[in-house]
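Asker: What follows is each chain in one-letter form.
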Amino acid sequence: MATDPNNKRNPNRPQIVSWNIPSKLEDYLPYPHAPSGVLIEGHANWRLEKPIVDCVACKNCGTCELLCPDAAIFYEEVASAKSAKSIAIDYELCKGCGICAFECKFNAIKMEKE
Amino acid sequence: MAIQKFLSGNEAIAEAVKLAKPAVIAVYPITPQTTVVEKLADFVANGELKTEFINVESEHSALSALMGASAMGVRTFTATSSQGLLYMSECLHYAAGGRFPIVMMNANRAVALPWNIFGDQRDSLSQLESGWIQLYAENAQEAFDLTLSSFAIAENHAVALPVMLNVDGFALTHTYEPLNIISQEDADKILPPFKPFFEMNLEKPLSLGFSAGPRDNTAFKQHQINGMKAAAKLINEKFGDLVDAYKLENAKYAIITLGSISGLVRDVIDELQSDGVKVGLLRLRSLRPFPEEELRSALANFKTVGVLEKNLSVGAENAVAKEIKSALYGLENAPQVLAFSGGLGGRDISANEIKDIISKIIGGEK
Chain A
4 MATDPNNKRN PNRPQIVSWN IPSKLEDYLP YPHAPSGVLI EGHANWRLEK
54 PIVDCVACKN CGTCELLCPD AAIFYEEVAS AKSAKSIAID YELCKGCGIC
104 AFECKFNAIK MEKE
Chain B
1030 MAIQKFLSGN EAIAEAVKLA KPAVIAVYPI TPQTTVVEKL ADFVANGELK
1080 TEFINVESEH SALSALMGAS AMGVRTFTAT SSQGLLYMSE CLHYAAGGRF
1130 PIVMMNANRA VALPWNIFGD QRDSLSQLES GWIQLYAENA QEAFDLTLSS
1180 FAIAENHAVA LPVMLNVDGF ALTHTYEPLN IISQEDADKI LPPFKPFFEM
1230 NLEKPLSLGF SAGPRDNTAF KQHQINGMKA AAKLINEKFG DLVDAYKLEN
1280 AKYAIITLGS ISGLVRDVID ELQSDGVKVG LLRLRSLRPF PEEELRSALA
1330 NFKTVGVLEK NLSVGAENAV AKEIKSALYG LENAPQVLAF SGGLGGRDIS
1380 ANEIKDIISK IIGGEK
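Chains A and B, in that order, give the protein sequences.
When the letters of the first sequence are read in order and numbered with the numbering used here, they come out as residues 4 to 117.
When the letters of the second sequence are read in order and numbered with the numbering used here, they come out as residues 1030 to 1395.
By construction, these hints were calculated from the structure, which means they are not laboratory data.
All residues carry an ideal CB built from backbone N, CA and C; glycine is no exception.
Treat the hints with caution; some may be incorrect.
Unchecked claim - Per label pair, the in silico range of CB-to-CB distance:
#, chain 1, residue 1, chain 2, residue 2, range
1, B, G1102, A, L28, 19 to 29 Å
2, B, G1269, A, L32, 53 to 63 Å
3, A, G45, B, E1119, 23 to 33 Å
4, B, D1270, A, D73, 46 to 56 Å
5, B, D1245, A, Y78, 33 to 43 Å
6, A, K108, B, K1233, 32 to 42 Å
As the list claims (entries may be wrong) - Far from chain A by the CB rule (all over 10 Å, computed), these chain B residues:
#, residue
7, E1086
8, E1214
9, F1227
10, P1234
11, R1244
12, D1245
13, N1265
14, K1332
15, N1347
16, L1360
17, A1368
All chains should be modelled from the sequences, with the hints used to inform the complete structure.
Answerer: Set out below in C-alpha cells:
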C-alpha cells in the first residue's frame, strides 16, 4: 500500500492509499486487520446529498462533530484568523446520511443534491 | 519432573492454565465449568498466577475482551459451557476470522429446552462451523495435556486459529483422578513465550476487523482453511494424532466415539474381543480439523462402523455420523455407517447399552 501521489488531502485526515487488487492468495493479508489512519477507498460516491455548512449561522458548538457516525466532521484551522477553528466536512468519508443537518440547532447545515 | 496430584478435570485444566501463564483471562462462570474459574481466581488471589483477570458480565463480553487483548499481543484464556458457548456464538466466528489465537475450555453440557445442566455434546457440536479448532479429551490427564497443547497449536503462526478444548461436563469436569502435573520448566519447553501473529501497539495502531466485500472475502476464508490444514499437520506431528485407535488391527467392525465415553467402550471391547468379537474403537480427538484421511485409511476394510455421539440432529442424521460417512464416501467397499445418539441431558450410557450398540453394528454376526 502506498500513499496516492495525487492526493491533496488535509495531512491530518486519513490518507487515501492506492491498493492493487491482489491477483493471488499470498498477496492478501492472512488476517483482516490493516494499519489504521488510511482509506483504501473514499465514500464520496455513496452520497445522494451532501452537507453544506453555513459558516455564519454555525456557532461551533460541535454537536455535528460528535454525532457524525463516520467521523467525517472535524475542526479545521481558519487560515485568516490566528488560533480560530471552524467546522469542516471530509467529503471522502461523508456518506450523506444527513444526521448533522438534522441535529444542528442553528440550521447551519443544509443537504444539497449531488 | 512431574508431580502427582489428585484433581478433578476442572482443577487439572486450571493447573495447566497456570503453567501457560496467560496475560489476560476473561471468563464468566457457568455450571459445570465454574470450578475452573474458581481455581484460577484462587491462583490470582494467592499470587501464584499473575494475570489480568476480568470478571465480565457475559460470555459474549468474555470473548470480545479477549480479542482485544490478543490483538495487543498477549496469551489469552477463557472457559465456558452450553448456553454460555451459544451466547458467544457471534464472537466465535469473529475470533476465528480475525485469527486470534485464543484458547477456550468448554465443559460439554446439554442445551435448553428442557433446561438441563448435565453433560452432553450438543453445545460444541452445534458450533462446528465457527472456524475454531475443536479438540475432545477422554480423561482429566488428557484435558491437562491438551490445555498446554492447545496454546501451542493456536499460537503457531502457520495455524493462528482459536482452540476450543472440550471436556464432558461432570463425567470429566467433576471426577477426580490421580494426575501427572509437569513442572513449570517442562511446560515452558512445550509452550514458548507468546509471539503475536500480527502486531498492534500504541505506535502501530491497526484498524481491527476491516470489511472485505464480495471480491475479497473468499481470500480470507482460504487463509483460514490453510491454517486448519497446518493445525492437522502440527497435531499429528507433535500432539498425539487427530484420532486414537484401540484394538482396530484385527477388527472388521468399529465403534467411533468422542470424549469420556471412550473409556467404558475400551472395557467393553476388551471383554468382547476376548470372546472373539472383531470390534475395535476409533476415538476422535479432533473434529476440526476433521481427520478425513486418517478415517479413510483406518477404516478402509471395515464392514460396518457405528458412531456414538452425545448429540442429536433433529430431522437429519447426527452431525458426527454424517461427517464420518462423508469422509468414507468413494472408498471401494466403503463401510456402512450407523448413527447412535446417547447420553443426552447427562443420561448414563451403560456397558450393556454399548454391547447393544455393538451387536447392532455387527448385525447379529459374531
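Asker: It remains to establish, for every hint, whether it holds in the given structure.
Answerer: The hints, checked one at a time:
{"no.": "1", "hint": "B/G1102 / A/L28: 19 to 29 Å", "verdict": "holds (25 Å)"}
{"no.": "2", "hint": "B/G1269 / A/L32: 53 to 63 Å", "verdict": "violated (32 Å)"}
{"no.": "3", "hint": "A/G45 / B/E1119: 23 to 33 Å", "verdict": "holds (30 Å)"}
{"no.": "4", "hint": "B/D1270 / A/D73: 46 to 56 Å", "verdict": "holds (51 Å)"}
{"no.": "5", "hint": "B/D1245 / A/Y78: 33 to 43 Å", "verdict": "holds (34 Å)"}
{"no.": "6", "hint": "A/K108 / B/K1233: 32 to 42 Å", "verdict": "holds (40 Å)"}
{"no.": "7", "hint": "E1086", "verdict": "holds (26 Å)"}
{"no.": "8", "hint": "E1214", "verdict": "holds (33 Å)"}
{"no.": "9", "hint": "F1227", "verdict": "violated (5 Å)"}
{"no.": "10", "hint": "P1234", "verdict": "violated (4 Å)"}
{"no.": "11", "hint": "R1244", "verdict": "violated (7 Å)"}
{"no.": "12", "hint": "D1245", "verdict": "violated (7 Å)"}
{"no.": "13", "hint": "N1265", "verdict": "holds (22 Å)"}
{"no.": "14", "hint": "K1332", "verdict": "holds (42 Å)"}
{"no.": "15", "hint": "N1347", "verdict": "holds (34 Å)"}
{"no.": "16", "hint": "L1360", "verdict": "holds (31 Å)"}
{"no.": "17", "hint": "A1368", "verdict": "holds (37 Å)"}
The structure fails hints 2, 9, 10, 11 and 12 (numbered hints given earlier, in ascending order).
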